[in-house]
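Based on the sequences and whatever the hints tell you, model everything.
There are 2 protein chains.
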Amino acid sequence: MNTPAQPSAEPHVVWHNQAVTAEARAALNGHRGCVVWFTGLSGSGKSTVANVVDQLLHARGVHTYLLDGDNVRHGLSATPQLLEPQYGAEFAQRFGLGFGAADRAENIRRIGAVAELFADAGLVTLTAFVSPYRADRDAVRAMLPAGAFIEVFVDTPLEVCETRDPKGLYKKARAGEIKNFTGISDPYEAPTSPELHLAGGTKSPEELAAEVVGYLKSIAIG
Amino acid sequence: MNTPAQPSAEPHVVWHNQAVTAEARAALNGHRGCVVWFTGLSGSGKSTVANVVDQLLHARGVHTYLLDGDNVRHGLSATPQLLEPQYGAEFAQRFGLGFGAADRAENIRRIGAVAELFADAGLVTLTAFVSPYRADRDAVRAMLPAGAFIEVFVDTPLEVCETRDPKGLYKKARAGEIKNFTGISDPYEAPTSPELHLAGGTKSPEELAAEVVGYLKSIAIG
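Chains as they are written, first to last, in this note's numbering: chain A, 1 to 222; chain B, 1001 to 1222.
No wet-lab data here; the hints were simulated from the structure.
Mixed in with the good hints, there may be bad ones.
Here are the computed lysine to any residue pairs in the SDA-like style, where the Cα-Cα straight-line distance is at most 25 Å [to be verified]:
id, chain 1, residue 1, chain 2, residue 2
1, A, LYS217, B, THR1021
2, A, LYS171, A, THR79
3, B, LYS1217, A, ALA26
4, A, LYS179, B, GLU1090
5, B, LYS1179, B, THR1021
If you anchor each label on the Cβ, the simulated ranges turn out as follows [what the hints assert, rightly or not]:
id, chain 1, residue 1, chain 2, residue 2, range
6, A, ALA142, B, THR1192, 39 to 47 Å
7, B, LYS1203, A, GLN86, 34 to 42 Å
8, A, PRO145, B, GLU1023, 27 to 35 Å
9, B, THR1079, A, ASP138, 17 to 25 Å
10, A, ALA102, B, THR1163, 43 to 51 Å
11, A, THR202, B, THR1079, 41 to 49 Å
12, A, HIS74, B, ARG1073, 20 to 28 Å
13, A, SER193, B, GLY1176, 32 to 40 Å
A few chain B residues that face chain A, going by a derived Cβ cut-off under 7 Å, partial list only [to be verified]:
id, residue
14, ASN1051
15, ASP1054
16, GLN1055
17, ARG1094
18, GLU1106
Quick caveat: nothing in here was measured; it's all calculated off a predicted structure.
Where a beta carbon is used, it is the ideal one built from N, C-alpha and C, also for glycine.
Right under this line is the structure:
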């Protein structure tokens, strides 16, 4: 690091820093950036719905990006196990993320910081993470400009999520093989006033995605 | 976390996950994503040149984003001091980043992971960080598809950087007030075969930026 913001004090160069602004990016894209934050239990359908929204928006020419476990857990929020071969044990233990409360908070903090950058870059940024703690979600909201954080609560009853159990995680959690599992051994703090509250147990992903796209249209995004 | 990739095993929903691909984003944008990684000493002109490149590309309708100390050090790579008020001392000490070797490696690792996501999102992603260690830069290169990492060595002699010293950092480093300062008390490992080698001490930011844009055009980006 140690990077100076701009060597504008350079004697022989008169260069005025005019960074490309968020407004200029919005003009190029035809819409402004924002964060559409899906939260809900494992198996609630967050990733599925976010993926359909991504496709619907992309088909309309909206510039989007989806952050989820698939593209975050191998890089940005890599586990200690993933980091150790290259960086050593001490580094891996310090910076690698497991599933304890502090690790989860840091995971959401990093994702929030990245989502903020993506929104600043002008993209409609979809995130699909359990993100069980209200304080962590509210911290992301606080980082963003007013109106740019759209919290989408995918409210699917635990029984339904547990019946789906696509990866057998609930079964393992019930058996005690996975600790700190949201809804079983760890709490889920539901949003108190999300921008959108989706009935994940009774409607199809397409119906739910249409609700999200409808909302985004109503606030002139997408 | 604990997010299943897709609840595709759901019995009552036949939903095939067709994520929006990097190719689809490239079609929408008119170009593919990549990482243009500026490296060089503090005061070498990295940020200035990257900023001019950003403006030139944006003016051509290219979708870009610039990652630098200004938008990374308050969020993604926040210092312990920034994290402590909200997250407490233990959390801040573990995850906050200072300027020691491990902290710098983790800083570049996080930035690399984020740049990879931005490139995947289809943006021409410019990064401007000293990034003094070869291994850290090479690790980012290894994460990206072949040809998507463009290393730009802003090769400005230390004497020139020290004369510029826009923030007085070299003066402080010489006085021992800043430790681990690249070029003074910490090594800078120059790239061995960067895609671009810029003569930062003798040409103007505009000339250097034109070289970068010319290179990007030659490989059909921008």
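Hints and how they fare:
no.: 1; hint: A:LYS217 with B:THR1021; result: holds (23 Å)
no.: 2; hint: A:LYS171 with A:THR79; result: holds (22 Å)
no.: 3; hint: B:LYS1217 with A:ALA26; result: holds (24 Å)
no.: 4; hint: A:LYS179 with B:GLU1090; result: holds (22 Å)
no.: 5; hint: B:LYS1179 with B:THR1021; result: violated (44 Å)
no.: 6; hint: A:ALA142 with B:THR1192: 39 to 47 Å; result: holds (44 Å)
no.: 7; hint: B:LYS1203 with A:GLN86: 34 to 42 Å; result: holds (36 Å)
no.: 8; hint: A:PRO145 with B:GLU1023: 27 to 35 Å; result: holds (32 Å)
no.: 9; hint: B:THR1079 with A:ASP138: 17 to 25 Å; result: holds (22 Å)
no.: 10; hint: A:ALA102 with B:THR1163: 43 to 51 Å; result: holds (45 Å)
no.: 11; hint: A:THR202 with B:THR1079: 41 to 49 Å; result: holds (46 Å)
no.: 12; hint: A:HIS74 with B:ARG1073: 20 to 28 Å; result: holds (24 Å)
no.: 13; hint: A:SER193 with B:GLY1176: 32 to 40 Å; result: violated (52 Å)
no.: 14; hint: ASN1051; result: holds (6 Å)
no.: 15; hint: ASP1054; result: holds (5 Å)
no.: 16; hint: GLN1055; result: holds (6 Å)
no.: 17; hint: ARG1094; result: holds (6 Å)
no.: 18; hint: GLU1106; result: holds (5 Å)
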